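Chemist: My request is simple: use the sequences and hints to build the entire structure.
Next come the chains, spelled out residue by residue.
Number of protein chains: 2
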Amino acid sequence: MPVISVPSVIAPLIEPVEGAEIVTWNVDTEPSRDDIEMVVVPPFNSPYITRLAELPRLRAVILSTAGYEHAVRFLPPDVRLANAVGVHDSATAEMALTLVLAAQRDLPTFVRAQDEGRWVPMEKRRSLADQRVLVVGYGGIGRALAARLLACETSVTAVASRARTGDEHVEVVHAVSELPTLLPEHDIVVLAVPLSEATRGMIGARELALLPDDALLVNVGRGPLVDTDALIAECATGRLRAGLDVTDPEPLPEGHPLWSTPGVLISPHVAGGTNAFPPRQARYVTTQIEHYLRTGEPVHVVATGEE
Amino acid sequence: MPVISVPSVIAPLIEPVEGAEIVTWNVDTEPSRDDIEMVVVPPFNSPYITRLAELPRLRAVILSTAGYEHAVRFLPPDVRLANAVGVHDSATAEMALTLVLAAQRDLPTFVRAQDEGRWVPMEKRRSLADQRVLVVGYGGIGRALAARLLACETSVTAVASRARTGDEHVEVVHAVSELPTLLPEHDIVVLAVPLSEATRGMIGARELALLPDDALLVNVGRGPLVDTDALIAECATGRLRAGLDVTDPEPLPEGHPLWSTPGVLISPHVAGGTNAFPPRQARYVTTQIEHYLRTGEPVHVVATGEE
Numbered sequence: 001m002p003v004i005s006v007p008s009v010i011a012p013l014i015e016p017v018e019g020a021e022i023v024t025w026n027v028d029t030e031p032s033r034d035d036i037e038m039v040v041v042p043p044f045n046s047p048y049i050t051r052l053a054e055l056p057r058l059r060a061v062i063l064s065t066a067g068y069e070h071a072v073r074f075l076p077p078d079v080r081l082a083n084a085v086g087v088h089d090s091a092t093a094e095m096a097l098t099l100v101l102a103a104q105r106d107l108p109t110f111v112r113a114q115d116e117g118r119w120v121p122m123e124k125r126r127s128l129a130d131q132r133v134l135v136v137g138y139g140g141i142g143r144a145l146a147a148r149l150l151a152c153e154t155s156v157t158a159v160a161s162r163a164r165t166g167d168e169h170v171e172v173v174h175a176v177s178e179l180p181t182l183l184p185e186h187d188i189v190v191l192a193v194p195l196s197e198a199t200r201g202m203i204g205a206r207e208l209a210l211l212p213d214d215a216l217l218v219n220v221g222r223g224p225l226v227d228t229d230a231l232i233a234e235c236a237t238g239r240l241r242a243g244l245d246v247t248d249p250e251p252l253p254e255g256h257p258l259w260s261t262p263g264v265l266i267s268p269h270v271a272g273g274t275n276a277f278p279p280r281q282a283r284y285v286t287t288q289i290e291h292y293l294r295t296g297e298p299v300h301v302v303a304t305g306e307e
Numbered sequence: 308m309p310v311i312s313v314p315s316v317i318a319p320l321i322e323p324v325e326g327a328e329i330v331t332w333n334v335d336t337e338p339s340r341d342d343i344e345m346v347v348v349p350p351f352n353s354p355y356i357t358r359l360a361e362l363p364r365l366r367a368v369i370l371s372t373a374g375y376e377h378a379v380r381f382l383p384p385d386v387r388l389a390n391a392v393g394v395h396d397s398a399t400a401e402m403a404l405t406l407v408l409a410a411q412r413d414l415p416t417f418v419r420a421q422d423e424g425r426w427v428p429m430e431k432r433r434s435l436a437d438q439r440v441l442v443v444g445y446g447g448i449g450r451a452l453a454a455r456l457l458a459c460e461t462s463v464t465a466v467a468s469r470a471r472t473g474d475e476h477v478e479v480v481h482a483v484s485e486l487p488t489l490l491p492e493h494d495i496v497v498l499a500v501p502l503s504e505a506t507r508g509m510i511g512a513r514e515l516a517l518l519p520d521d522a523l524l525v526n527v528g529r530g531p532l533v534d535t536d537a538l539i540a541e542c543a544t545g546r547l548r549a550g551l552d553v554t555d556p557e558p559l560p561e562g563h564p565l566w567s568t569p570g571v572l573i574s575p576h577v578a579g580g581t582n583a584f585p586p587r588q589a590r591y592v593t594t595q596i597e598h599y600l601r602t603g604e605p606v607h608v609v610a611t612g613e614e
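Quick mapping for you: the protein sequence lines, in order, are chains A and B. The opening residue of the first sequence carries number 1 in our numbering; numbering runs sequentially from there. The opening residue of the second sequence carries number 308 in our numbering; numbering runs sequentially from there.
Hints are computed from structural coordinates only; laboratory data are not their basis. A quick note: this is a predicted structure, and the numbers were derived from the prediction, not measured. Ideal Cβ positions, reconstructed from N, Cα and C, are used throughout, including at glycine. Treat the hints with care, as some may be off.
Here are a few chain B residues that face chain A, going by a calculated C-beta distance under 8 Å [said to hold, decoys possible]: (1) E401; (2) M402; (3) G424; (4) V427; (5) E460; (6) E561; (7) P564; (8) I573; (9) P575.
Modeler: Next up, the structure:
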């Protein structure tokens, strides 16, 4: 019976799977068994991934993060690596919606007024309802966000690297090359794309200039998607606003002008990693275990260890 | 052809209706016509409602607020009064969701850290996803909120004055008398009920004590639904949290302890009145005009002027 190790944070949530023996291991100590075939690596434990070499019967490694590049070089020969798919979508889309709503409904103003004990009259009358939202990056996070936005009575336009037909939320997915014609037609833009050479700096001075006055840019992808100086320039004049869960540089150093730019709301890279993670990772791991028992391989394989 | 007056804020949004003459009047000046049959009163113009007596052909008055008691005594004999139905649901549900998300995702902490230019590590891992939300008050606001919450992967339980069958969002609507058994089973409670002698103080020390640790109470109804002192006591110990768009007293005076109670987030009664209002009120008024032309009466009549 294959032995499969899972992190302690999700072990209590894994239903027993017939035909597999589940053991708890966080990868940060000596393995209690040398016959583990599949390892589920906990989030934030990448420094310990060298221990995988201690498992002679290892066949598969399942990460708890979407990113996997850091793990490839530690893979023993022929071992399959799968990343985490979908387990952070809910939390990240939720944080994007939180930043959008907080910015639209002027929440930072109310927090500051509360600290001063002042009941301030409302100045802005912005709503999220009726706004035209451009979701840039239409993977799991983008789809989870689209569902939330549509329930908030917005219109949603989706953008991905290539154009394709849509889904239950959008009729079509536009290509990123269409951004110049799409940006002027949207009140809110949310970036939910990974960082790559293709996406680095995708929102610079030229793209920001295409946005209508008072538009809101929200970034839950990676900081370098946006030209920070260009964003500061547009927000400092009051023309644009921003909600940023990620920044460039990150962490944002003390005294950086972004901290105090008007209309900029910053959360310190907290989109993922909520209590929504363990149950979703547990469901994903159960799928992985069942697939492994059936085929001898994990699903969502992103790399294989080389000799 | 019946002459119908509408406020300037919605006049540009009203499509021409065959068989009616639409004029613009904000009720705060002398009427330009004495043959107006139906008046749409703008929000916040209730002080001027005495002018209705100057219209000899008046048959119907349409308010822009859900509340209507203030207008009844100014109705000329036999004139029908309709309140605004549904036009503020979207904005109010949106603000409830904003308070819920801001509280769950710790947004006030990030606003304060930003003001200090500090990148703080995340302490709480709360999500909205997976939370059990009790929506107390299941009229238009409650339903609009349920739609938003379900898209955020929560479970939703609805409560109204009397039990009834549910809708597309919930299987059943529970009676308010079931609150004592429902409160312990929910992580988040949102109050969206009007104030009446039946609802005043509906959440007191006893009800708060029934909530699980770390539960969040959000109030977008009216302040006196909640016993303020009891709420302060539960939040001061860190056991409960609150997001309040309405307070008792209101406006909350300088120096009131609620301002600085830990875990309490206050917005100054801003749930309604966003830019989402004019298009919704315009649609509602169009419905009213068409109904009036067909039947000689408005819909949603809540009072009739007495001799």
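Chemist: Hint by hint, say whether it matches the structure.
Modeler: Evaluation of the provided hints:
1. E401: 6 Å, holds
2. M402: The hint holds - M402 (chain B) has a Cβ within 8 Å of chain A, the shortest such distance being about 6 Å.
3. G424: This hint holds: G424 (chain B) lies near chain A, its Cβ roughly 4 Å from the closest one there, short of 8 Å.
4. V427: 6 Å, holds
5. E460: Holds: closest Cβ of chain A sits about 6 Å from E460 (chain B), inside 8 Å.
6. E561: Constraint on E561 (chain B) satisfied, holds at 5 Å.
7. P564: Status violated, d = 10 Å.
8. I573: 5 Å, holds
9. P575: With a closest approach of 5 Å, the P575 (chain B) hint holds.
In this structure, only the earlier hint numbered 7 is contradicted, and the remaining ones agree with it.
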